[in-house]
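The sequence shown begins at 1 in this note's numbering and counts up one residue at a time.
No wet-lab data here; the hints were simulated from the structure.
One or more hints might be untrue.
[Unchecked claim] Derived DEER-like restraints, expressed as beta-carbon distance ranges:
no., residue 1, residue 2, range
1, L90, V32, 16 to 22 Å
2, V92, F23, 17 to 23 Å
3, G4, L100, 28 to 34 Å
4, F23, D121, 15 to 21 Å
5, L100, A45, 29 to 35 Å
6, R49, R81, 20 to 26 Å
7, P99, P126, 34 to 40 Å
8, L25, R94, 21 to 27 Å
9, P99, R130, 36 to 42 Å
10, R114, R49, 30 to 36 Å
11, Q118, D56, 17 to 23 Å
Because the structure is a prediction, the values reported are computed rather than measured.
Just so it is clear, CB atoms sit at the ideal spot from N, CA and C, and this is done for glycine as well.
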Amino acid sequence: MDAGGPIILFDTDCVLCSSMVAFVLARESAPVLRFAGAWSEEGLALAARHGLARQDLNDTFAVIDGSVALLRSDAGMIVLRHLRAPWRWLAVLRLVPRPLRDAVYGFVARRRYRWFGQRSDCTVVPADQRHRFIGVRGRPATS
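All chains should be built: construct the whole structure from the sequences, respecting the hints.
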C-alpha cells in the first residue's frame, strides 16, 4: 500500500465508519483512495509508522497522505477533496476554525457506537474494489 493515493485508516467495527467508506466508494471522483482497517495488524503498523497509537485510532479516523497523517476534521477535509460535486463543495467547511470543527467531530466520535452501533467487521467490501483494502475482512457485497 505504499504507492498510490491517500489511505483512509478506519474502525472496521464502527457502523458509522463503515458506512462512511461505502459513501466514499459511491461518490469518489476517481478511484484513488485506499482503505485500511484500524485494528488489523497492517493498520496498526501503518498508524505506528506515522506516530499514532491504538488510543489515537479510538478517537478518530486517519488519512495517510504521503508522509503526513491527518486526523479528525482535517482527515475529513482531505476525503471531501476526492468526492464528486456537490459533496466536494463541503470542503468549504475548512474555513471554520479547526478547534470548532474538531469539537463537533469529537462530539460525534465519542457517541458513534451508541448512536450508530458496533458490529465486528461490519464493512461491506465490493468484490471489484477488494484490491483497495488492506486489513479489512469485511462482509462480501450482496447482489
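Check: Can you give the numbers of the hints that this structure goes against, from lowest to highest?
Finding: none
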